[in-house]
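*Asks:* What follows is each chain in one-letter form.
2 protein chains.
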Amino acid sequence: MSKIYNELYEKISPGSGNVDKSHMLVNVATFPDSLLHALGAYSRVPKLLEKIPRDIKGIVISGMGGSFIGGLFLQDVLYDTSNLPIFLVRDPILPQFVDSSYLLIAVSYSGNTEETLRVFGEALQRKIPIISVTSGGLLQKYSEKNSVPVVSLPQGFQPRAAFPYMAVALLSITETITGDVGLLKQLSECAENMKATRDEALMKTIEDAKDFFSNIEKGLTPLIYSYRPYISVGYRFKTQLNENAKIHAFYLDLPEANHNEIMGWRQEASDKFFATIIRGSQEQYYMTTRIEFLIKHLEANNIPTINFLPEPRYSGKKICELLDLVFRLDLISVATALKLKTDPTPVDTITKLKKYLEKHIDVEKELFPQERP
Amino acid sequence: MSKIYNELYEKISPGSGNVDKSHMLVNVATFPDSLLHALGAYSRVPKLLEKIPRDIKGIVISGMGGSFIGGLFLQDVLYDTSNLPIFLVRDPILPQFVDSSYLLIAVSYSGNTEETLRVFGEALQRKIPIISVTSGGLLQKYSEKNSVPVVSLPQGFQPRAAFPYMAVALLSITETITGDVGLLKQLSECAENMKATRDEALMKTIEDAKDFFSNIEKGLTPLIYSYRPYISVGYRFKTQLNENAKIHAFYLDLPEANHNEIMGWRQEASDKFFATIIRGSQEQYYMTTRIEFLIKHLEANNIPTINFLPEPRYSGKKICELLDLVFRLDLISVATALKLKTDPTPVDTITKLKKYLEKHIDVEKELFPQERP
Numbered sequence: 259m260s261k262i263y264n265e266l267y268e269k270i271s272p273g274s275g276n277v278d279k280s281h282m283l284v285n286v287a288t289f290p291d292s293l294l295h296a297l298g299a300y301s302r303v304p305k306l307l308e309k310i311p312r313d314i315k316g317i318v319i320s321g322m323g324g325s326f327i328g329g330l331f332l333q334d335v336l337y338d339t340s341n342l343p344i345f346l347v348r349d350p351i352l353p354q355f356v357d358s359s360y361l362l363i364a365v366s367y368s369g370n371t372e373e374t375l376r377v378f379g380e381a382l383q384r385k386i387p388i389i390s391v392t393s394g395g396l397l398q399k400y401s402e403k404n405s406v407p408v409v410s411l412p413q414g415f416q417p418r419a420a421f422p423y424m425a426v427a428l429l430s431i432t433e434t435i436t437g438d439v440g441l442l443k444q445l446s447e448c449a450e451n452m453k454a455t456r457d458e459a460l461m462k463t464i465e466d467a468k469d470f471f472s473n474i475e476k477g478l479t480p481l482i483y484s485y486r487p488y489i490s491v492g493y494r495f496k497t498q499l500n501e502n503a504k505i506h507a508f509y510l511d512l513p514e515a516n517h518n519e520i521m522g523w524r525q526e527a528s529d530k531f532f533a534t535i536i537r538g539s540q541e542q543y544y545m546t547t548r549i550e551f552l553i554k555h556l557e558a559n560n561i562p563t564i565n566f567l568p569e570p571r572y573s574g575k576k577i578c579e580l581l582d583l584v585f586r587l588d589l590i591s592v593a594t595a596l597k598l599k600t601d602p603t604p605v606d607t608i609t610k611l612k613k614y615l616e617k618h619i620d621v622e623k624e625l626f627p628q629e630r631p
Numbered sequence: 259m260s261k262i263y264n265e266l267y268e269k270i271s272p273g274s275g276n277v278d279k280s281h282m283l284v285n286v287a288t289f290p291d292s293l294l295h296a297l298g299a300y301s302r303v304p305k306l307l308e309k310i311p312r313d314i315k316g317i318v319i320s321g322m323g324g325s326f327i328g329g330l331f332l333q334d335v336l337y338d339t340s341n342l343p344i345f346l347v348r349d350p351i352l353p354q355f356v357d358s359s360y361l362l363i364a365v366s367y368s369g370n371t372e373e374t375l376r377v378f379g380e381a382l383q384r385k386i387p388i389i390s391v392t393s394g395g396l397l398q399k400y401s402e403k404n405s406v407p408v409v410s411l412p413q414g415f416q417p418r419a420a421f422p423y424m425a426v427a428l429l430s431i432t433e434t435i436t437g438d439v440g441l442l443k444q445l446s447e448c449a450e451n452m453k454a455t456r457d458e459a460l461m462k463t464i465e466d467a468k469d470f471f472s473n474i475e476k477g478l479t480p481l482i483y484s485y486r487p488y489i490s491v492g493y494r495f496k497t498q499l500n501e502n503a504k505i506h507a508f509y510l511d512l513p514e515a516n517h518n519e520i521m522g523w524r525q526e527a528s529d530k531f532f533a534t535i536i537r538g539s540q541e542q543y544y545m546t547t548r549i550e551f552l553i554k555h556l557e558a559n560n561i562p563t564i565n566f567l568p569e570p571r572y573s574g575k576k577i578c579e580l581l582d583l584v585f586r587l588d589l590i591s592v593a594t595a596l597k598l599k600t601d602p603t604p605v606d607t608i609t610k611l612k613k614y615l616e617k618h619i620d621v622e623k624e625l626f627p628q629e630r631p
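Protein sequences, first through last, are from chains A and B. Start counting the first sequence at 259; every next residue gets the next number (the numbering used here). Start counting the second sequence at 259; every next residue gets the next number (the numbering used here).
You may find that some hints are simply not true.
Copies of the same chain look alike in the list, so a pair counts if it works inside one copy or between any two.
Lysine-lysine pairs mimicking DSBU-like chemistry, simulated, CA-CA at most 35 angstroms apart [stated by the list, open to error]:
#1 K597 - K403
#2 K468 - K610
#3 K385 - K476
#4 K309 - K575
For the record, the hints were derived by calculation from the structure and aren't laboratory data.
My request is simple: use the sequences and hints to build the entire structure.
*Replies:* See the structure below:
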């Protein structure tokens with residue numbers, strides 16, 4: 259293992275290399291490389307989608323957990339620039355309004371996520387154009403049987419660790435469908451930049467997060483806030499802390515949280531919770547005013563507050579800021595696990611749940627009764 | 259004050275009538291009456307909307323906090339039945355894709371919510387058809403100046419307490435636009451039924467929630483779960499606990515929470531958090547299987563778990579189940595406040611925030627520069 263990883267493990271917590279048995283740290287540390295690899299792999303997406311209609315009313319993206327966040331990232335990126343509506347469905351039921359004038363993208367890393375398969379099956383019935391993004395499973399099998407194009411994800415990852423591939427896959431699909439190019443080029447430049455400065459960024463991220471770690475080590479639970487276009491970053495950080503560190507962590511978007519959750523921030527909350535605010539160069543002045551108030555209120559009630567910002571050199575480049583934040587917060591979530599002497603990779607409860615569901619629900623028989631031999 | 263309220267206060271906590279200085283308990287207890295009143299008041303909505311186009315691509319609803327939940331309720335109600343997409347915007351920025359082929363409904367109880375006014379101002383620029391739902395303020399003023407129809411909310415409520423009016427207003431608008439009638443009639447029948455059985459339901463709700471209260475009194479923080487079509491009910495309960503009881507409470511939808519948040523449910527969480535699951539007759543068998551697993555997992559880790567279900571007599575009537583749950587969980591949130599000796603009505607921090615924003619941001623000058631004398 260290369261020198262930088264040993265240094266990182268020692269910096270996080272001496273001996274923590276032995277805790278990280280499946281090397282999740284290496285996975286998150288090679289985020290820029292994964293982006294570049296994905297850019298190469300998905301250059302053939304336009305060819306793959308030749309038969310997909312372009313004159314659609316909107317894109318509906320079905321995905322759960324780690325496979326939901328790719329869609330949220332795309333929504334953040336396109337929110338204030340694209341004429342194409344993006345709807346996210348993290349549910350087993352496809353909304354009634356989705357008909358053949360929409361495009362469905364079904365995202366499931368394993369290809370066996372029941373919720374996504376149900377939406378996929380319903381979309382086949384409604385004759386909706388579909389693109390699948392998966393590494394295999396039933397989604398791959400029934401996509402091939404139904405001539406649905408499959409954008410392949412590489413095998414051997416934890417679903418949440420395949421985010422860079424999902425992000426690039428979804429951007430490639432969107433650029434192909436809309437003809438609005440430019441984002442992948444920008445992403446490619448950021449990824450090169452992130453790769454060139456990677457080792458330094460890794461060490462600095464751990465150094466800068468020491469107050470975050472200290473609040474975690476005191477047993478406080480993080481409440482995470484961000485706003486458009488950083489919503490995907492905030493929600494991902496929550497889920498990465500859940501899955502890597504196996505701790506509770508909660509997310510709510512601003513300014514919505516100022517209309518309700520802010521009432522829970524009283525003196526009495528200071529021995530249980532701390533606040534984490536994710537910000538960036540896209541912050542409007544009226545958002546700054548709101549966050550100023552929130553921070554003063556938290557201070558007045560002795561609530562520890564952590565701010566995370568992207569590297570200043572990515573200022574004004576939305577997609578770079580998002581990726582830089584995901585890269586560094588993923589690392590922080592893994593380091594949080596290691597500080598707590600927890601192996602970040604296994605998610606025992608989710609694995610048990612999957613087995614329980616397999617035992618009780620025969621998805622293939624229910625959804626594709628005629629097609630199985 | 260009528261006998262039932264005194265009995266309720268005594269049942270919740272002796273002397274708690276003195277804590278509830280602005281009678282929030284009476285407000286939530288008269289929920290069925292408010293629904294019936296709103297049904298009468300909004301019978302003239304069709305006339306009001308004569309000039310609004312019917313051939314739209316979808317409805318976009320802008321609203322924050324208490325004014326967001328009306329839209330979420332509508333989305334729950336229409337999710338699996340309506341051909342019209344409903345998009346919710348709880349953000350100051352209107353997504354780029356929204357153009358004059360959509361209808362915007364701007365919901366702000368006070369009419370001075372900056373986020374909603376920004377979306378409203380942008381929609382005027384883009385020449386998008388608009389309907390406003392408000393009790394006054396700048397939204398009323400600039401709606402009238404721009405010939406935007408206003409569906410009026412009654413004055414003198416806390417914004418969150420105007421939910422029954424917002425729900426009926428949004429349903430009336432939707433029935434008028436789509437021509438799909440029937441939901442208001444069903445709502446009217448439920449409201450009559452709820453009113454007839456009200457006093458009994460109030461006492462029973464407090465009785466049935468005693469385990470919920472006992473977890474709160476132990477200082478545990480509730481994590482609330484529900485699923486389509488009960489998402490609005492779960493999110494509202496979280497926000498009502500925030501605003502009425504001034505405590506932290508968190509919400510995540512199922513099955514999404516099973517993909518990440520479930521990892522935080524370990525033995526160590528049992529002295530800080532408890533789980534609250536909201537369920538109903540719309541539960542699919544595959545959701546039941548997931549919730550069975552979740553409950554077993556929580557039990558195995560000594561996490562207290564509370565289930566809330568609608569009255570069995572509303573089984574199969576989605577809209578009645580939603581309203582019955584909101585009615586009873588609103589009451590529980592007020593009772594939670596009173597158990598904690600907290601006056602449910604004032605939301606000091608939010609009031610302070612509004613003053614701070616008024617001092618720093620001149621919304622009217624920025625958004626309507628030419629129109630002000």
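*Asks:* None of the hints should be skipped; say for each whether it holds.
*Replies:* Each hint tested on the structure:
| no. | hint | in the structure |
| --- | --- | --- |
| 1 | K597 - K403 | neither (47 angstroms within a copy, 59 angstroms between copies) |
| 2 | K468 - K610 | both (34 angstroms within a copy, 32 angstroms between copies) |
| 3 | K385 - K476 | neither (54 angstroms within a copy, 53 angstroms between copies) |
| 4 | K309 - K575 | within (33 angstroms within a copy, 43 angstroms between copies) |
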